[in-house]
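J.: Sequence:
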Amino acid sequence: MNIINNKTGWIEVVCGSMFSGKTEELIRRVHRAEYARQKIQVFKPKIDNRYDKDHIVSHSMMKTPSTIVETSKEIHEQVKYDTEVVAIDEVQFFDDDIVNICNKLANSGKRVIVAGLDQDFRGLPFGSMPNLLAIAEYVTKLNAICVKCGNPASRTQRLTKDKDQVVVGTSKIYEARCRNCHEVL
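The numbering used here puts the sequence shown at residues 18 to 202.
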């Protein structure tokens with residue numbers, strides 16, 4: 018990744034299945050920006066209440082403080098003028114306007130880092146992630162390890178019969194699967 022040190026903004030997307038390390042990678046990038054003494058704001062959707070209310074937390078328990086918001090508009094309203102890096106976890110849970118908000122932030126010179134699922138439990142594109150992937154300057158797609166066969170896993174297997182697209186949970190509800198082992202129940 019080439020970093021240009023002027024007021025050029027850009028969008029970075031970190032995506033993949035559950036248990037692939039998306040949040041870990043987001044936190045790693047946030048910590049590197051902190052080391053560089055950049056002004057950072059981190060956001061997460063209110064719906065993500067799995068580990069900690071005031072932090073984004075990876076499955077391996079890495080964490081960093083965050084601001085909870087319900088809508089993408091709240092992100093735009095809360096980003097301060099002097100913020101250099103805006104990080105957003107679980108971006109697939111935000112409304113469709115998240116794409117416009119990310120574009121506005123990048124156009125104003127901010128580095129925007131988002132992380133989220135690119136596919137839902139059925140293996141279909143999730144929320145506004147396809148549009149974010151299309152406009153991003155940098156895309157990192159991570160794979161987990163398939164719990165059935167050990168191959169690279171790009172899918173999220175839901176273990177319950179719930180048919181709602183959004184069901185927040187961890188290893189009791191989901192596991193990583195490869196294309197061949199993934200089943201839509």
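Each hint should be verified, as a subset may be incorrect.
[Stated by the list, open to error] What follows is a set of in silico ranges between Cβ atoms, one per label pair, in the way DEER data are often shown: (1) 94 with 55: 30 to 38 Å; (2) 114 with 24: 19 to 27 Å; (3) 84 with 113: 15 to 23 Å; (4) 121 with 168: 17 to 25 Å.
[Stated by the list, open to error] In the EDC-like style, the derived pairs of lysine to aspartate or glutamate whose C-alpha atoms are separated by at most 16 Å in a straight line are: (5) 90 with 113; (6) 178 with 137; (7) 121 with 94; (8) 165 with 113.
Since the hints were made in silico from the structure, they are not lab data. Cβ coordinates follow ideal geometry from the N, Cα and C atoms, glycine included.
J.: None of the hints should be skipped; say for each whether it holds.
T.: Here is what the structure says about each hint:
1. 94 with 55: 30 to 38 Å: Violated, since residue 94 and residue 55 (Cβ atoms, about 21 Å apart) do not stay within the stated range.
2. 114 with 24: 19 to 27 Å: 24 Å, holds
3. 84 with 113: 15 to 23 Å: 21 Å, holds
4. 121 with 168: 17 to 25 Å: 40 Å, violated
5. 90 with 113: With a Cα-Cα distance of about 10 Å, the restraint between residue 90 and residue 113 holds, given a limit of 16 Å.
6. 178 with 137: 14 Å, holds
7. 121 with 94: At roughly 12 Å apart (the allowed maximum being 16 Å), residue 94 and residue 121 satisfy the hint.
8. 165 with 113: 34 Å, violated
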